[in-house]
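Chemist: Order-wise, the sequence lines are chains A and B. All letters in the first sequence, in the order written, are residues 1 to 433 by our numbering. All letters in the second sequence, in the order written, are residues 1 to 867 by our numbering.
Fair warning: there could be bad hints in the mix.
[To be verified] Below, a list of computed lysine-lysine pairs in the DSSO-like style, where the Cα atoms sit at most 27 Å apart:
1. B:K90 x A:K361
2. B:K22 x A:K72
3. B:K60 x A:K66
4. B:K60 x A:K71
5. B:K22 x A:K71
6. A:K361 x B:K136
7. B:K368 x B:K482
8. A:K191 x B:K47
9. A:K71 x B:K47
10. A:K191 x B:K22
11. B:K60 x A:K191
12. B:K172 x A:K184
13. A:K184 x B:K47
14. A:K311 x B:K60
15. A:K191 x B:K90
The hints are simulated quantities; they were obtained by calculation from the structure and are not laboratory data.
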Amino acid sequence: MPEAAESIVLSRRGVEGSHTLDVYLETGGYEGLRKALAMNPEEIVAQVVESNILGRGGAGFEAGRKWSMLKKSTRRYLVINGDESEPATFKDHFLVENDPHQLVEGTIIAAYAIGASRAFIFIRGEFALGLERVQSAVNDAYKIGALGRNIFGSSFSLDLIVHPGAGAYICGEETALLESLEGKRGFPRIKPPYFPAVIGLYGEPTIVNNVETVSNLPWIVSRGGAAFKALGSGRSTGTRIFALSGAVKRPGLYELEMVKTTFRELIFSDDLGGGLYEGRSLKAVIPGGVSAPWITPDQLDLPLGQDEVAKAGSMLGSGSIIVMDDSTCMVRAAWRISRFFMRESCGQCTPCREGSNWIEKVMARIEAGAGREEDLELLMDLCDNIVPGVSWPPAQTTICVLGPSIPSSVAVGIRMFRDEFLTHIKEGGCPFE
Amino acid sequence: MSKEREEAISFVLDGRPIWARKGDPVIRAAEEAGTYIPRFCYHPRMKAVGMCRMCLVEIKGPRGFTLQPACFVQVSPDMEVITDSVAVRKAQDGVLEYLLANHPLDCPVCDKGGECPLQDQTLAHGPGESRYVEEKRHFAKPIEISSIVLLDRERCIQCGRCTRFAGEVVGKGLIDFAGRGANIEVAPAPGGTFDNYFSGNIIQICPVGALTSKSYRFKARPWDLEQTESTCTSCAMGCRVVLQSSQNEMTRVLGIDSDAINHSWLCDKGRFAFEATSSEDRVLAPYLRKNDNLVEVGWFEALTQVAKTLTAALEKVGPATVAAIGGGSISNEDAFAWAKLLKGYLSVDSLDCQPEGGVDPSLLLGGKIATFDEVVNSKLTLLLGADVEEEMPVLYLRLREALLAQTTSAVEIIERRTSLSTLVSSSLLIEADEVLSQIESIDLSALAGVKVKDLSDEQVVVVVGQADLLRSSSWRSGLVAKVLQRYPNAKILPLLQGANTMGAVQMGMSPGLLPGGRVIGKVPEDFPWPNPPKSLGRNAADVLSAAAADDIEIIFLLGPNPLSGFPDKSLVRQALERSSMVVAIDSHFGEWTEYVDVVLPLSGYGEYFGSITNAESRVLPLGQSLVPAGVSQKGWEIAVALAESIGYDLGFESESDIWEEIQAISKIHRGFSPSLLSTEVEGVVVPRSVKVHIAGRRVLDPVATPGISSVKRQAAPLSEPVAIYDFNPDGELVDSNDSSDSLDELSDVMKERPTASIASRKEPDKLRLHLARKLYGYGVEVASSPTLSSLVSKPKLRLSSESARVSSVEDGDVVRIISGDLSSGEFQLEVSNDVVPGVLVAEFVEGYELDKFGSLNGGVLVKVVKA
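Looking at chain A on its own, in the form it has when it is part of the complex (with noise of 0.2 Å):
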C-alpha cells in the first residue's frame, strides 16, 4: 500500500501543544496568509481552481468553481461550517480540537479571496472543547494582527465569529445552518432560489465551506495549485481525512493522498485499519457517511476517489468509512441508521418529517420480531415516497437532502440483506441477540 505522499491537514498530529499559537507559528502557521496577502485575491481564487479541491463535507462540489460563482454584491459573507454532527463522522471535531489556527488561517485566506469583510465559524456545539479552542484562535490570530483592520498591515480587515450550534443535525445543512446563524429555527431553506452564493446570510451572497477544506488552504497557497493537484487522481485531487469506523482493529482518522489507497487497503493494511477481529470476515462498508448506500465485499478493491465511489452506486460523502463484519446485525444497523434520521429530521416538509417516523416504527418492529413479510414491500414503497425510484443518486420529495438520506441504508439494507429481514420477520426476534 502506498504511504500517503504528504500529510497536510494533520500535519501537526501528535505534536505537543499543537493547537497553540507558539507550536502553530513555529511550524509555519500564517505564512500562508503572508503569501495570500502579497497575492491578488484572484490569484488565490485561481490557485484554488488550479488544485481542484473538492469541498470535504460531503457533496464534494469543486471548491474553487464555488467560489467563482458567488454573485458579486457589495456585501458578501463567509461561514465555515463545522456542525460535523452525523454518527461515524469526527474529521473536523478533531481540526477544531487539534489545529484551530489552521482553520483559522484558511478561514482568512478564503475571506480575502472572496472579499468577505466577515466571516463566521459554525461550530456543533456539543464540540465543547472545539469551541474553546477556535474561539482562543480567533483571539490570538486578531493580537497578532491576523484579523481585525488591516490585516498583517495589508488593506485587507476581517472580522471572524464563532459561533456554536444549538444541538441540531440539520443546522450542518448549509441554508438551516445560514437560518440558525440569523437566529431563526433551523429550517433548511428551498432551493431554487436559496443557492447561498446567490441569497445566503442575511440575503446577502456567501460562501459556505467546510472545516476541512479551508484547513487545506494554507498549504494550497503556500504550495501552490499545482502541488495540491499533483497528489490525487483525476477528479479527486489532494489528501483526504478518512474516518475509519467500526469492526476494524486500528479505527480512526487517516489522512490518505485520494484514490491511492481503496478501501480493501484502508481496512485491512496494518498501518491502517489493521483488518478485522479475529474469525470474523467482512459484511458490508458504509463508504461515506450514513446517507450513503453501502458496499459489499466484493466492491473493496475502489479506489477512495469521488468519482470512482459515485459509479459504483453509493459516495464517498464525509469521508466516514464504517465497518461492519459478520457480527452485525443488518436489520439492527439500517434501523439504527433510521432512527438517527428520524430524530434530527426538522419537520418542516412532510415526506421527511413522516416518513423518517413511519420508516424507523417498522424498523424497529421488525428488530423486535414484530415484523410482517409485507412490510419490507412497504419499506421500499415508504422510500420510494421519500427517493422515487429509491434511485441513486437520488431524486426527493423533500426540502434538502436530509430527506433522501433516510432511504438508502433501509434500502440497500433490504437489498442487499433481505434473507435477514426474513428471518427477523420468521424467527420472531433478531438472530443476532
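With chain A's structure known, arrange chain B on it following the hints.
Modeler: The following block gives chain B in isolation, referenced to the frame of chain A:
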C-alpha cells in the same frame, strides 16, 4: 389592464400553452387555467413556503424534469410544467399518505369534518385503506392558543399557516413550531398566548380541525349550515363575509377573499359580533313606559303613542324640538326612509348619524374619498390622529403589509404612538392644540422620504382618524383643510365609527343635508319630499346640551345604542332624563334603556338584507340568514309604519321602491342600482365617476378558506381581467357626474357651525385628557357577544415621563383622575415616552366611567394623583 397584459408570459402546462402573470406561482397560474393542484400549506395571501409538498409537480430544469413545489416556483417564460404524470401522482399520493399516518381518524367528531381539505383531498386522491399500523402521536387535548382559540395538536399537519399568519400578517410571532421531526408542534411562546385582534383568522385558515374557536367547537356540522354572503358591520371597513347558520341561529362568520377589501381576513370583533344577534338582551317586541316601567306592548299601541306625542310636539313647538341621534349603524335603506320621514315630512333637521363628533359631512361628500387600494398604493399616506389597528383593524393589516412591502410611505401625526409607528417613515407626536398651527411648517413629503418632484397631489391620501374620542369634528376638518391647501387633490379616507356612517351621510342624516349631498334651503321645485327643513338643525352634542336645558321634546335614538362611545355620559343622562319622550329604535336593551320611553324592536345583524356604504364609499350588500327575532322589523319598515300612524305614506313597500327614489334624487347614486350588488365582485363605489382598478379576479380556493364552499361573486373569471365600467377613449368613465355645485354650497352651510376650541393648558400639572378609541371599548357587539365581552380588559393610563414628573407620579403607580369635583376609579399608570407631554392618554372602555370627564366641546383638563 394594459399593465397586466405587458406582464403576461406564456408557459406550457401539461402540453398546452398558457398565459399567466409574471411572478405568479405555478399553483395559481395553473388554477386560473383550470388545473387544480392539491395543496395544504399554500395560502394565496401569504408567502409560499413549500413545506407540505402536496403540490409537487414536475418542472423542467437544467437536469430535466424534477419534482418541485408548485406554490413556491414562479412561472417563467416557456417553463414546462407537468401536473398529471405518474410521477406527480405517486409523489402527491405519498405525501397525502404521510400526512394521514399520524392524523387521527376522528372525523366523525371533528368540527372540520365535512369541510376539511385533508378529508376532501383524501377522498379525491388518497388511498382507501391505511397502511399505518403503528401507534399514532398523542397529545393532551386541547391547548389554549389564545383566549378564544384552542389547538388539538394531534390533528395538526404542520402546514405552518397559523404560525405564518402570526408572524407575517399580524407581525406578532406569538405562536411558532416547537420540537422537531415527528414531535414538532405548534405552541404559544413561553408564558404567552396569541392574543390579538386577529387570532380568529388562524381558525379560518387551518386546513384541518386542529384550530377551533371555543364558541364554535362541537356546536354544528358543516353540512347543516346555511350560508349567506354579507358584509361585516363592526366597523366602516365593510369586510366581506359569509354568515353561516343552522336552525335559525348563526354559528359562525368567515371572511371572503375580497381583493378590494379584506383579503379574506377579519378582526375578532367582526368574526364574533354575530353572537350579539342571539344574545338575551335582544328587544323582541315594542315596549312602552307605563308608570315608570317599560311594558311590552303591540306595535300598534307603541306607534300610536309615538305618533301622538310627536304630532303634539310639532304642533306646539315645531320641528326644532325634535331630534334624532344615530343612523350610522343602520342600512342605507333604513337611513333613507328615516331621513324622508323626519326631514321630508316633519321638517326635522336635527339628525346626526355621528353623535361622537365624527368627520365633517362636507369632507365626506365634498372631498375625494380614497379607496383602500388607493391608501395602500399611495405615494404618501398621512395618518392624522388615526390609530388604524383600533379603528379599522383589517385596514391595519393591509397597511402593515403595504408599509413592509414599501408600496406606500406614511407619516403619522398623533398624540401617542400606535402599532403602525414603527412601520411608518415618520411618526410625529404633536399635541392636538399645537398641530393646527404646526402642520403647515412640516415638510411631509421629506418625512416620508418622497421627493416632491415625484409627488403629484393625487397620490396623497389622508387617513382621518378618530383615535382621540374627545377631538371634535371641526378639529379634524381644520387639520384636513390645511393639508388640502398643500395637496388640493389629495384623497381622504375617514375612519368612520358606524359601519354605514358614509351611507347615512349620503342619505342626508346630518344637519343641513338632504340625500345626495343636497343642502336644505336649496331644494328644487320638483323635489319629491313635501316638507323639507327650512332651518339648520343641531348636531348630536348640541341636541344633548339643548335637551339638558329643556329645549328638546323628543329624541329618536336610531340603531343599536348610538350613544355608546359618546364621551360625555353625564350630559347624555341629563338630556335623556329631561326630554319628554325618548324613542329607541334598537335591537338590544342597553345602558340607556332606563331613560327610554318607547323601544321599537329593530332586526339585528344577519336578520335583514339591504346595503351599507363603507368608509371608501363602496356600497356593499347585507345578507339575511335568520328570521328576525321576535316581532322586530327593519329600520325602514318602522319608519314607514310610524309615518302611517301619523298619517303619511312614504311610498315604500320594498327596498327597490326606496332605491328608485334614492336614484332619482341623489347625484351620488346616479347609475347605481342594488341589482349591481349581485353581479359586482367587490360592491360598487359611489359616485360611479370614481375609477376603480379592477384586478384580475381571484378564483375561490376551497383550501384557502375551508368552510366557504361557494361564493357566487367569486366564482369564475380567469387570467383576463374584465372591465366592468365603460370608459371613453380618454379613460373617463362614461356617464360620470359632477356633484361639485351643491357640495360647495354644503361647505358654506357647514361654515355656519360654531368651531370648538381646544382647552389650553395654563397650569403645568393640568393634563389634557385623550380618550383613546379601542376596538373593544364600546358598542353593542362587545357588550352582547359573550366571546367579545370576555376580551374586554381594564383600561390603561399612559403619561409621558415629563408629565409624570410634574404630576409626581411614577410608572406602575395606581392613580386616580381628578377634574374639579369629579374623581375616577383607580387605574395603573404607565409612564411612556410614546405619549406627547401634557396629555393623559386613557383607553376608553365602557363601564369604567372614564366618560364622565368627557366633553366634545374643547377637551377636558384633568390631574392625576396617586390613589
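Chemist: Which earlier hints turn out false for this structure, listed by number in ascending order?
Modeler: Checked against the structure, no hint fails, so every one of them is satisfied.
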